[in-house]
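Engineer: Spelled out from the first residue to the last, the chains are:
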Amino acid sequence: MSEQKPASRNELMVVAAARALKGKRVCFVGVGLPNIAVNLAKRTVAPQMELVYEAGVFGASPARLPLSIGDPTIVTGSTATVSMHDLFGLYLQGGRIDVGFLGGAQIDKYGNLNTTVIGDYTAPKTRLPGSGGACEIAINAKEIMVIMRQSTRSFVQKLDFRTSPGHLGGAAASATLRKEQGWGGNGPSVVVTDLAVYGFNSDGEMELRSIHPGATLDEVKGSIGWELRVPANVPETPAPTTEELRLIREELDPTGAYV
Amino acid sequence: MSEQKPASRNELMVVAAARALKGKRVCFVGVGLPNIAVNLAKRTVAPQMELVYEAGVFGASPARLPLSIGDPTIVTGSTATVSMHDLFGLYLQGGRIDVGFLGGAQIDKYGNLNTTVIGDYTAPKTRLPGSGGACEIAINAKEIMVIMRQSTRSFVQKLDFRTSPGHLGGAAASATLRKEQGWGGNGPSVVVTDLAVYGFNSDGEMELRSIHPGATLDEVKGSIGWELRVPANVPETPAPTTEELRLIREELDPTGAYV
Amino acid sequence: MSGATGSKLRSMRDAIAAHVHDGDTVAIEGFTHCISFAAGHEIIRQKRRNLTLARMTPDLVYDQMVAAGCAKKLIFSWLGNPGVGSLHAIRRRTEPAALAAGETLLEVEEYSHHGMVGRYVAGAHRLPFYPLRSYSESDLPNVNPLIRQVESPYGDGKIWAVPPLNPDVAIIHAQRADEEGNVQMWGLLGCQKEAAFAAKRVIAVVEKIVPTSVVRADPNRTIIPGLIVDAVVHEPYGAHPSYVQGGYDRDNAFYREWDAISRDAAATDAWLKEWVYDLPDRAAYVAKFGAAYFKNLTPTSAPSGAVDYGDYR
Amino acid sequence: MSGATGSKLRSMRDAIAAHVHDGDTVAIEGFTHCISFAAGHEIIRQKRRNLTLARMTPDLVYDQMVAAGCAKKLIFSWLGNPGVGSLHAIRRRTEPAALAAGETLLEVEEYSHHGMVGRYVAGAHRLPFYPLRSYSESDLPNVNPLIRQVESPYGDGKIWAVPPLNPDVAIIHAQRADEEGNVQMWGLLGCQKEAAFAAKRVIAVVEKIVPTSVVRADPNRTIIPGLIVDAVVHEPYGAHPSYVQGGYDRDNAFYREWDAISRDAAATDAWLKEWVYDLPDRAAYVAKFGAAYFKNLTPTSAPSGAVDYGDYR
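The listed protein sequences derive, respectively, from chains F, C, Z and L.
Note that the first sequence covers residues 1 to 259 in this note's numbering.
Note that the second sequence covers residues 260 to 518 in this note's numbering.
Note that the third sequence covers residues 519 to 831 in this note's numbering.
Note that the fourth sequence covers residues 832 to 1144 in this note's numbering.
It is possible that some hints are incorrect.
[As the list claims (entries may be wrong)] Listed next, the in silico DSBU-like pairs over lysine-lysine satisfying Cα-Cα at most 35 Å (straight line):
#1 L:K904 - Z:K676
#2 F:K179 - Z:K565
#3 L:K903 - F:K158
#4 Z:K565 - Z:K806
#5 C:K301 - C:K281
[Unchecked claim] Here chain C is said to cover these stretches of chain Z; the calculated rule only asks that three of the stretch's residues, wherever they fall, bring their Cβ under 8 Å from a Cβ of chain C:
#6 543 to 552
#7 612 to 618
#8 640 to 650
#9 709 to 723
#10 747 to 753
Calculated from the structure, these hints are not laboratory results.
Given the structure is predicted, the values throughout are model-derived calculations rather than measurements.
From the three backbone atoms N, C-alpha and C, an ideal C-beta is built for every residue, glycine too.
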């Protein structure tokens, strides 16, 4: 076996996200890093996982990594290609999606997400893409996984705009509300960044679970805009295996366009 | 040309109904007599008429006369075959149907129809099929044509059950209500029976328009359960042409199963 | 909803035994087309009781199940023998004067076609209601308190609503599926998709089991994904006397015959004995008719033509 | 809605001239797939003004139309260059700090994907609202007063609603149609059907005009009937740089190039001059790229296989 380059931070993100998908059945795939993570999971920890693309594809088997979420390669050879009405109504709102991936420009400690604007809504500093399907994925997918790079600009005390609800103001109120209002999902369970992996504690607050190899606790805390909960012993994220890195580098993203 | 048998009363009904379709564009077809009437119209007075079957077919071109409304012959060679959700939502409720055909066990003088029960609803004397699509055809098709045989049992003073609304208690109130509530349709315009053709006057009440050859005014009035409005001069329904009868007997219903 | 992968191929006997229980709400759907009579007959053979039978058009299959004593309630929108007349076994259980000694009236819950479709759609989309423009000035809401009005939040008045219908089990017939239950269908689609997505469990009955590659070659043709299918039953001619587009014709002669049979309770019982109870399964039913019978129902070919999805690598 | 029959074949120029007017609400739909850039460019050439542009994902086509000054308002659910980044021309009209002298901010009315789909569905089904389970605890209803709550008539609380969207004109691209406008499509269906049925007028743009017999051989493949189509435009490669399943690939390189072009207002204007204003039509655009360019975007074949509808006489 030839010498492997050490894992990049993007590769650490992708591998950690893929492992979090262990045993999952139906996953709503986003483009970019989530797409690579999901395809890596399918080749390692979740071989039976079904890929669902919001563009209207169930059981996709893409022959190449799609640039956009609506690439023709996700259609050819898929199990079912359906209208967006069916995809959002029957599959997502109908409660058939186990895991949805989300990212965002801003996240707060309860996993609420902003993909709409930076600054004031009516006179934004930065106009972001908006919800797309994020708002309803957050509400209807049984479980949400978040992948995003962390910094004090993105991991913030207060969102400029709440596009997609997470654990709202805390787990107890959130769980009650979700149940009373008949939401399909339980909210975010895992956040994977370029530095660490987070879960949510019983208060619905983000909590450090592991730090990636090469990152430090100070670096992690210094790139978060709130006082992070850190348990007594934080393990290191297990390093990517040779096989995981090979799959990413040789099969999933050979040109290095995404990772 | 060989000698033709005189027209039967069913044939008179079919021909009168077909002629009422002159120039119509999109017609919701029922089985039995309406189906023959519509196909006769397409071959005579309305060659560009599109046939819509509630089973989910637009632009049908049946190669034989279907027994049921969901026969495979209405699918093969049709322009579009769609789900019932699309048929009732996009085509009917969406306002794309010009003419709907209805029949019933009972009709009153305002063209309201009963296809549900004879007798009390909870303990019926006769349990009829129910609405099917009739209730929403009556509300959403721009215009309703009724075909049914007349008798004092079917043309009644008071319905046992109102399945499908016609001109309700009279035209003025009906028109107001239909407009206020956003109904798509204007209600019944023509009733064709085995004895006569009726329209509706400005009060929304059924009014005799013509009497079929061979029927008398006494016979017509004697088989209606209310005091029928009869204008001063009631013409005779123009007799079927040789060609109309030939089409029915040789092309549309060669075995005489329906007419 | 099934979470398992791999082959879900089962015999009809096993599928019904596993997924249809006494007291269940069952929807054997299919609008004239692709009605699983094979499933109905197996439910009769397995003597299920107190079922709530939901279908837009109860058709002969529910007339037979009612005659066999399987049902306590009907949910429907049109109750007849299409193109022929009445469903007489059901009439005997809905008209007090016709009720046999010891029998009780069926409970009846009725809608219009759009209303029944809407109930399945609401169930499938996990909506608390489905809005529609039917029922105005009809007596239907007066006799069915589940048909209600809903106020538009845009100040333009009220329209009507029906509640979701989520059957315990939906049974749908189609042309083909793979062993994982990815179902493809053409011709009249009825509300097979909506009923399946609304149901807690799904049995897919098909004329042909095909390799997954056949399904994946034309993904827009898939109406139900294996994800929501619990059992796949391979049952050729399983829809007879209903039909399968491109496979066999509707047996209109039998629909007419049933009118005479079903008018008479004893004749109905005799028919059920001969064609259901005394036969082990659908294969025996097909054999009893004989190959020539079904050959007469087979249409000549009318191929769809192929389209190209393109291979994108 | 068109009532006429017979050929509706028109040039893009004539179709836009006849059916797209200043001040109209226009929906050029297609989710990534089958976006009619040819129509967008013709609208730019014909200098339509004050349009309200509705689309789930405005994409490059609306970025270009906004840059050309056609629009006063956007209705959308996701505003980006898919897989690449921002729509910079639109950002320059939505971020006050980026606004050029004399320019005004675009009006913005935004939903989620399901909300936009629901708006078209409500419009197409003639419903006063569409109910859905999105928006809870999101700020979207706070900034869009058209997202409202509706009370379930079954005592189970409130859910959310969006109002119908009925564009003045919907423009949809697809693989093929006959001259009467019966449109068939495969691959990602987006909300082409719903947008077309919701619209007052429909322009169908297709890669191929086929005989009606081709459409009628596979009626389940038809997504839009000629009944609702006002003009059919035959426009090969009319979706480029978007794509047509089985026809040509998405031109991802151009989507990336547009990022650089659109960051600079002058470069954007130069691009519009070279590729839109200075060309008479899409045929010239295709010729300017050259045959080899599109050959590179052509996938190898992946045929669907055929099914049998049966000939029933």
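Engineer: Each hint should be assessed against the structure and marked as holding or not.
Structural biologist: Hints, verified against the model:
no.	hint	verdict
1	L:K904 - Z:K676	30 Å, holds
2	F:K179 - Z:K565	39 Å, violated
3	L:K903 - F:K158	32 Å, holds
4	Z:K565 - Z:K806	22 Å, holds
5	C:K301 - C:K281	9 Å, holds
6	543 to 552	holds (count 3)
7	612 to 618	holds (count 4)
8	640 to 650	violated (count 1)
9	709 to 723	holds (count 3)
10	747 to 753	violated (count 0)
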